[in-house]
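Each protein sequence line maps, in turn, to chains D and F.
Per our numbering, the first sequence runs over residues 1 to 181.
Per our numbering, the second sequence runs over residues 182 to 362.
Hint data in this document are derived by calculation from the structure and do not stem from the laboratory.
Keep in mind that a hint or two might mislead.
[Said to hold, decoys possible] To be clear about the criterion: a stretch of chain F counts as covered by chain D if any three or more of its residues have a C-beta under 8 Å from a C-beta of chain D, and this derived list gives those stretches:
1) 213-227
2) 294-302
3) 339-352
The C-beta atom is built at its ideal place from N, Cα and C for all residues, glycine as well.
2 protein chains.
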Amino acid sequence: RPLREVLLFPSPPSCTEALLAEAAEPGAAARPCHCPLPHGDCPLSRLLRLLLAARRSLDICLFAFSCPQLGHAVRILHRRGVRVRVVTDAQYMGLCGSQIGILRQDGIQVRHDQESGYMHHKFAVVDGRMLLTGSLNWTTQAIQTNRENVLVTEDAEYVKPFLDEFEKIWEEYNPVNYTFF
Amino acid sequence: RPLREVLLFPSPPSCTEALLAEAAEPGAAARPCHCPLPHGDCPLSRLLRLLLAARRSLDICLFAFSCPQLGHAVRILHRRGVRVRVVTDAQYMGLCGSQIGILRQDGIQVRHDQESGYMHHKFAVVDGRMLLTGSLNWTTQAIQTNRENVLVTEDAEYVKPFLDEFEKIWEEYNPVNYTFF
Numbered sequence: 001r002p003l004r005e006v007l008l009f010p011s012p013p014s015c016t017e018a019l020l021a022e023a024a025e026p027g028a029a030a031r032p033c034h035c036p037l038p039h040g041d042c043p044l045s046r047l048l049r050l051l052l053a054a055r056r057s058l059d060i061c062l063f064a065f066s067c068p069q070l071g072h073a074v075r076i077l078h079r080r081g082v083r084v085r086v087v088t089d090a091q092y093m094g095l096c097g098s099q100i101g102i103l104r105q106d107g108i109q110v111r112h113d114q115e116s117g118y119m120h121h122k123f124a125v126v127d128g129r130m131l132l133t134g135s136l137n138w139t140t141q142a143i144q145t146n147r148e149n150v151l152v153t154e155d156a157e158y159v160k161p162f163l164d165e166f167e168k169i170w171e172e173y174n175p176v177n178y179t180f181f
Numbered sequence: 182r183p184l185r186e187v188l189l190f191p192s193p194p195s196c197t198e199a200l201l202a203e204a205a206e207p208g209a210a211a212r213p214c215h216c217p218l219p220h221g222d223c224p225l226s227r228l229l230r231l232l233l234a235a236r237r238s239l240d241i242c243l244f245a246f247s248c249p250q251l252g253h254a255v256r257i258l259h260r261r262g263v264r265v266r267v268v269t270d271a272q273y274m275g276l277c278g279s280q281i282g283i284l285r286q287d288g289i290q291v292r293h294d295q296e297s298g299y300m301h302h303k304f305a306v307v308d309g310r311m312l313l314t315g316s317l318n319w320t321t322q323a324i325q326t327n328r329e330n331v332l333v334t335e336d337a338e339y340v341k342p343f344l345d346e347f348e349k350i351w352e353e354y355n356p357v358n359y360t361f362f
């Protein structure tokens, strides 16, 4: 039965360190966290778990990406050998707090537009079969303070057009096509 | 079989006057339009047709709403007796070009947040059974120049959480709850 789920934000502030530590070093002894934040499940932890389930590939198409926890998760997947590709918007990626530079430093492939319009999508495809799409940019402000939604689906009728869109944009934004004025 | 569809933007500039005129006066003699724009189908015309199919209700939850054609379609539905409810973001609704004031002048119910975070959803539910959700704000810039998506679904597992979210926000944003400083 394919996964069908809707995540709604804002997500209450919560500590996701244990979740990320476990993903970074599976099987390592759990280090209990004593920070004052709640440690239970929340929409952000659910989003992290869905992404961290990637085994082969993660394709991300995101207008704004500045949330450190989501950046950490993506870097863990890259280190684990998952093929990560990121498409983002040129106007936003250089802003203070953007995760894009950190991802690139880690060797993750990132491509961006050269258009006057925004690359305004906010979706990710895990292993070519699970789509996460909605209004949510991956920023702490959006996660903690905005009304947002993420629809999670494994229905091929929804996943395929997004995968096709990703491949199309990925080729269009190939740096060999950049023009410099 | 429930509808499952993905609309991708940008949509090429195109004339939607005939479509809107037909919706405003069903059965009236078609007046051919001689403007220089293309008159064929496009993602915007598809979006308009899906909304104009409403018979009983249209619930809209939208960060930014300034596209005149979509504003026109919503006003046609209101005049036709469809119960239209609009939730929007307080920071955006007063900007130049916003359709919100025009909708209110026509007697359409609009509610907005009083929060520091954004009401950043971009979804609509037609007749309580068809959901349109994605990255697309209803602005001409987004429609004509941005990379955007709208997922269209009649699957109850997706529609219900959005309907519930709409009803929850609609009550929370009831003007009786507004505070004035």
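Checklist entry - Do at least three Cβ atoms from the segment 213-227 of chain F come closer than 8 Å to Cβ atoms of chain D? => result Contact hint for the segment 213-227 of chain F vs chain D: violated, 0 residues under 8 Å.
Item to check | Coverage of the segment 339-352 of chain F by chain D (three or more Cβ within 8 Å) | outcome: Since 5 is at least three, the answer is holds.
Next on the checklist: Is the coverage entry for the segment 294-302 of chain F by chain D consistent with the three-residue Cβ rule at 8 Å?
Outcome noted: As far as the segment 294-302 of chain F goes, the hint holds, because 8 residues have Cβ atoms under 8 Å from chain D.
Checked against the numbered hints listed earlier, the structure breaks hint 1 alone; every other hint is satisfied.
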